[in-house]
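Participant: These are the residues of each chain, in order.
There are 2 protein chains.
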Amino acid sequence: MLCLFITSCNTSVEQTKTIDVSNIDELNQAIENCKAGDEIVLADGIWKDAKIEFKGKGTKQKPIVLRAQTPGKVFIEGESYLRLGGDYLEVRNLYFRNGYTPRNTVIDFRIDKKTFANHCKITHCVIEDFTQPDRDRTDHWVEFWGRHNELSNCYIAGKSNFGPTVMVMLKGNEHIKNYHQIVNNHFGPRPRKGGPHGETMQIGDSGTSMTPSHTHVANNFFERCNGEVEIISSKSNYNEFRNNVFFESEGSLVLRHGNYATIDGNVFIGNDNSEFIGGIRVINTGHWITNNYFYKLKGSIFRAPLAVMNGIPKSPQNRYNQVTDAVIAHNTYIDCKTPFHFGVGSNVSQKDVLPASEIRSAQPIRTTVANNLIFSSEGDAYPIKNYDRVDGVLFKNNMTNSENNGDVKPDGLMTKTFEVNNVSDLLYVPAKNHEDVFAGFDFETITTDLFGNKRASNNSIGAITLPLKKNPLLIDKSLYGTDWFSAEKPKYEAKTIKVAGVKALTEALKSANSGDILALQSGTYAIASSMVIDKRITITSQDKTNKATLEFSSSSPAFEMNPSANLVIEDVILNGNKSQDAFATLDKNMTKAYNLWIENSEISNFKNVLRVSKGSFADTVSVSNSIIKDCINGIQLNKETNDKGDYNAEFVYITNSEFNNVGNNVLNYYRGGYDESTIGGNLVLQHNTFTNCGKTDQDHILINNRGIVNVNFSNNTFKNNPVKLIAVLWGEKGQKPVDNTLVNSGKIEVVQNLKLKLMY
Amino acid sequence: MLCLFITSCNTSVEQTKTIDVSNIDELNQAIENCKAGDEIVLADGIWKDAKIEFKGKGTKQKPIVLRAQTPGKVFIEGESYLRLGGDYLEVRNLYFRNGYTPRNTVIDFRIDKKTFANHCKITHCVIEDFTQPDRDRTDHWVEFWGRHNELSNCYIAGKSNFGPTVMVMLKGNEHIKNYHQIVNNHFGPRPRKGGPHGETMQIGDSGTSMTPSHTHVANNFFERCNGEVEIISSKSNYNEFRNNVFFESEGSLVLRHGNYATIDGNVFIGNDNSEFIGGIRVINTGHWITNNYFYKLKGSIFRAPLAVMNGIPKSPQNRYNQVTDAVIAHNTYIDCKTPFHFGVGSNVSQKDVLPASEIRSAQPIRTTVANNLIFSSEGDAYPIKNYDRVDGVLFKNNMTNSENNGDVKPDGLMTKTFEVNNVSDLLYVPAKNHEDVFAGFDFETITTDLFGNKRASNNSIGAITLPLKKNPLLIDKSLYGTDWFSAEKPKYEAKTIKVAGVKALTEALKSANSGDILALQSGTYAIASSMVIDKRITITSQDKTNKATLEFSSSSPAFEMNPSANLVIEDVILNGNKSQDAFATLDKNMTKAYNLWIENSEISNFKNVLRVSKGSFADTVSVSNSIIKDCINGIQLNKETNDKGDYNAEFVYITNSEFNNVGNNVLNYYRGGYDESTIGGNLVLQHNTFTNCGKTDQDHILINNRGIVNVNFSNNTFKNNPVKLIAVLWGEKGQKPVDNTLVNSGKIEVVQNLKLKLMY
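Order-wise, the sequence lines are chains A and B. Start counting the first sequence at 497; every next residue gets the next number (my numbering). Start counting the second sequence at 497; every next residue gets the next number (my numbering).
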């Protein structure tokens, strides 16, 4: 027995030490000299332009630690980054903010092309709004190289620029079979980006679809990660996604390339919010999707709760392999609209505009869908939608409480009457176990349920078996993020500031807090310079029946939209002299998205109503109940012309408004590049009247919406507009004119298949 | 301590029994009733048309055995097959011969689409010449399904028809991660087939390139497996090829699809034989090729000792992925001509005739070639050949005893003076260890050498480290095949039979043994029916200065070439009446290849000199020092028109001969279907004279050799042939006319890039 106790003492006594550092030079020297077991402590305060290359050789028992003196009191700001190279290095409690990386990564698990990290860890750190000044510039916030590295208990939010937030690199034998751990993190909001390359996580790329990765993504909280259609893009083999929560995140967990992923025990919460909130999208071979819980998701097609795609026969490496040998079992769908979508992406009808190598005609085969539970409180007559045949899929013992009126009615999707109980917040569980489970090949490996309860004795259809543990929590927030940072900001009570005169207006605009309302006294305000908007501001009139008038005389924009601008113009009259723009973004460094809302207002005599720069992005541009007249150009969201699926605004609402004598480009809203999966651009054009517009329009099209995917075009009136075409709508995306009135104007054309430049 | 001994006795005593069966009904009943531990014994004798479905549930400790009463005395003949379904079944000592399967498999590790074998074993069995009557019909002799099955110590030879001999199927989760064992077998000769689908082993297909297979192929002896350019075609992931011997086999071990193969400790023996004998061809990602020994290989390009291919960027699934992350280390090349070929298949120059998705421009990247040893007794100034750039390959500490005059001279390919000793048959080993080895990433996992000696203490460049064990055997024949069957047939001493008169000739032909020579007395033999050739026969004249004349009068072929015919016509005059063919194959059921040699003979007045059927295949057709005249048609090897890379003859030699007044198709030798890797068809046309030929030729081309890859066209004379073209040669394959004389005939055209139908 004695030998058990001897070994642990049998090492020579080595000095390990704590080294306090308070500037970069001291830090560099400490790193230079560090040995296994050492702890380097960064002094509290702001570390500006900190370019940290943390190199060293720790051991499993004795890692080398680099940490903040006080958790959350060490701020990494300015042009900073952190790179790791070596073994068993650990970084704790740093706070990245007010800056961005001057290179391509904020935190990088390598120093250079030859020096990688292995068994290294970033934990309890925060990266917040550490985004590039230029949205078009690509970076990654955390880039994995090497093997056995860890990102844990971090809070990461606010990336607005191009590039996945977390990227796992697999290029080279040094990085495969990496078993990286990405666990217990809180991925806070990532704003909409407009186009692709806004993933919160990407593991590999299309060139690593054959590479064994074994990255482990577990117990993370993804909160409103809205960057693009893929929250996580898995592009390598054997990745595992377990017990993560996807909360109101506009996108899906997508098995884009690579095979044999495990998606087990995850929670997808839509809460009946945006139709952009999706679930799991399946491509490729051999995935197991089990024990997941989906709640109130409204997404469909690419964003369906379960989207199983059609593939391209003998697909090129970067396109869509056929789905084969997938197992989708024991998942629960509560109040999701049509949870099953099969053959998603089938596009045989488009063979005239697409090359053969783009036609997704290969249906899923050798795929088992079994023991899933679908519950709808109000009944959902279409639990399954198919875009192609589904004979290659074996449906067994799936249960729904609604009738199935869909096109396919597999025997294995049974309608049964059953109840669910609300057990805790967002958690609905059947009143009893439904034990008639199908035993598919290797199903005995599904040993537990969503909560880790053993299935052996109490198996049931769906993600959850009874009995439940006491007080089951669907989302246990104590698991995620750091032990020192709170993502919840104190709520600001907005105030209304009454303003009279230009000087007061200018000063109030400067001093107002974000959210405040500037209420103008009636009268005319002669304004000689730009009003800079860099926060949430409402400008309105005190007397809505006698609106204030702002007269602009300088040639700079009336309103200069800065990053994070959120401007509401309500009950105000804006008037220019045709030498300036009413609204314009900065020409560059539009770090973050802006919003513009015009309501019950009047805009006249401007050069452009809205002019934007290429890198700018509006989440929403809205004009309602307003009059726009006598402008040279209208709303121009057409500068992002890289033709790679990007665009300048996510939502454009123009409703109940009048456009008179806008000479050119009343609206030019553009998205270029064919990519079926990055669905983007939303235009609502309803109940407007356009008169005498388009006189100087070069392309003779009044409303340009080329490439925008979602368009509602209805109840407008067009009078005396001397153009050839009012608009060209995209039939394949379901666009059609509804109840418009055309008088002495061009016509509205519908093109079924729009020819776009292929992106790849 | 006691507990260790108790468990093994702790099972209830079950009766296991031996069941003797002597016919199919008894066998079926025995199978019906069999239990774990039972042994079913087939009575000695011939089992004709035996369709055996061996189903049962054995256990690891108690397999169910089906075996021959006496090893090698149970013959499975006629239309027979064996299928296995269940667990732990074992089949021993059966001999498949004189027949073929009426289905698609001879031995199948499944009964039907739902009943598979797991942990089942075929051992010490023989399958010999059990080939389909029709060469065009596809089957597999051993088809693997399920998991953990074994083919061991078998002798398998003589498959002539379409389809890999051994096929591992991976379609479905039941068959992945199969860990099948294919070990200690002797794969005897597989004849040339002419075109693709003649592999000796194939593991998966292009649709399973993402599937983990883990098939283990070890200690097998591949003897003259000449079926096609790929002896083994690996088309799935994680397969292992260890310690196999490839002996004078015309083809390569090809990593066609799938990734992460291990090729360790294999031996490739060319013995300076055919240029078709290759080594290892590399495509895809992550392979480790270590400790292999290559001896006197003359193959090049696709058949090079080491062929590392270029890939197609973003390749379609069934084409060529880029080579990435491969490790090629510690291999030894002894007297191989230019062992390293890189960028094989680069075809950028063909972009005018091929679609972009066929252009192999992606060079190997992130690939390490290190610690390899190249020795050439006579010096080889070109140890490496490159068809594209090789900057993506890291060469380190490779050693050659010759100067490198090649186009690329990587630092890591060093010229050093060193000696090798002949230690045993075919085995050459450096006189001392060359310890300056490169330590690449994960190279510490290469723990042993070709013979299993530890590298830790005595590492060396090349496949072998010193000291050697005593009496090292490169090829230990005791390891391979059954314990009861000898593949070596007693050698027959051919005899010469003197023949005078038609009757004697007819009778002698019937009674002769294969290999005999029929020597004809001078004079004229009037022959009224076909002479059927189904063995190796030489027909010659006793007096070479006064040759015998055979006069044919019937309209059936003068010589009917049956399967396995090997006919030598030497010093004989053949004369027809223009109503019959001189030589013709059977119209169908040409099970096996035939050979035809015409030497110092004269052939005149036939309808066709040679007419073949679609399914027929000649290994060699040779005409030398002979005269062919006054025939309507010449040699027609043009019936295989499936345009899938198949053709009717491997070698066609026409040398030192005269063709006079052959009206049409003097030679028509055809191969259709573009497939760069199944290199086929060989024509030597040298020192011939063609006069007054081609008068009735429809296509106005005298010599048709479309699609034939290797053509030597030199020193011929063409006089007064009224055709447009003498021939069209294929520039891209290096074909060109050399020293031909053209008088009043068409011209010879060289087309650089022949436009062929794509095969896939």
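Please keep in mind that the hints were generated in silico from the structure rather than gathered at the bench. Bear in mind that the values here come from a model prediction, so they are computed numbers and not experimental data. Even for Gly, the Cβ is constructed at its ideal location relative to N, Cα and C. Incorrect hints may appear among the rest.
What the hints assert, rightly or not - Covered stretches of chain A (chain B as the covering partner; in silico rule of three or more C-beta atoms under 8 Å from a C-beta of chain B): (1) 535–541; (2) 697–711; (3) 803–813.
Claimed, not checked - Cβ pair distances, simulated, as ranges: (4) Thr634/A to Ser953/B: 48 to 56 Å; (5) Asp972/B to Lys551/A: 27 to 35 Å; (6) Lys551/A to Tyr675/B: 36 to 44 Å.
Stated by the list, open to error - In silico negatives: residues of chain B with every beta carbon more than 10 Å from chain A: (7) Glu670; (8) Ile672; (9) Met706; (10) Ser811; (11) Pro812; (12) Val823; (13) Phe934; (14) Leu1221.
Participant: Tell me, which hint numbers fail for this structure?
Facilitator: Hint check: 1, 5, 7, 8, 9, 10, 11, 12 fail, others pass.
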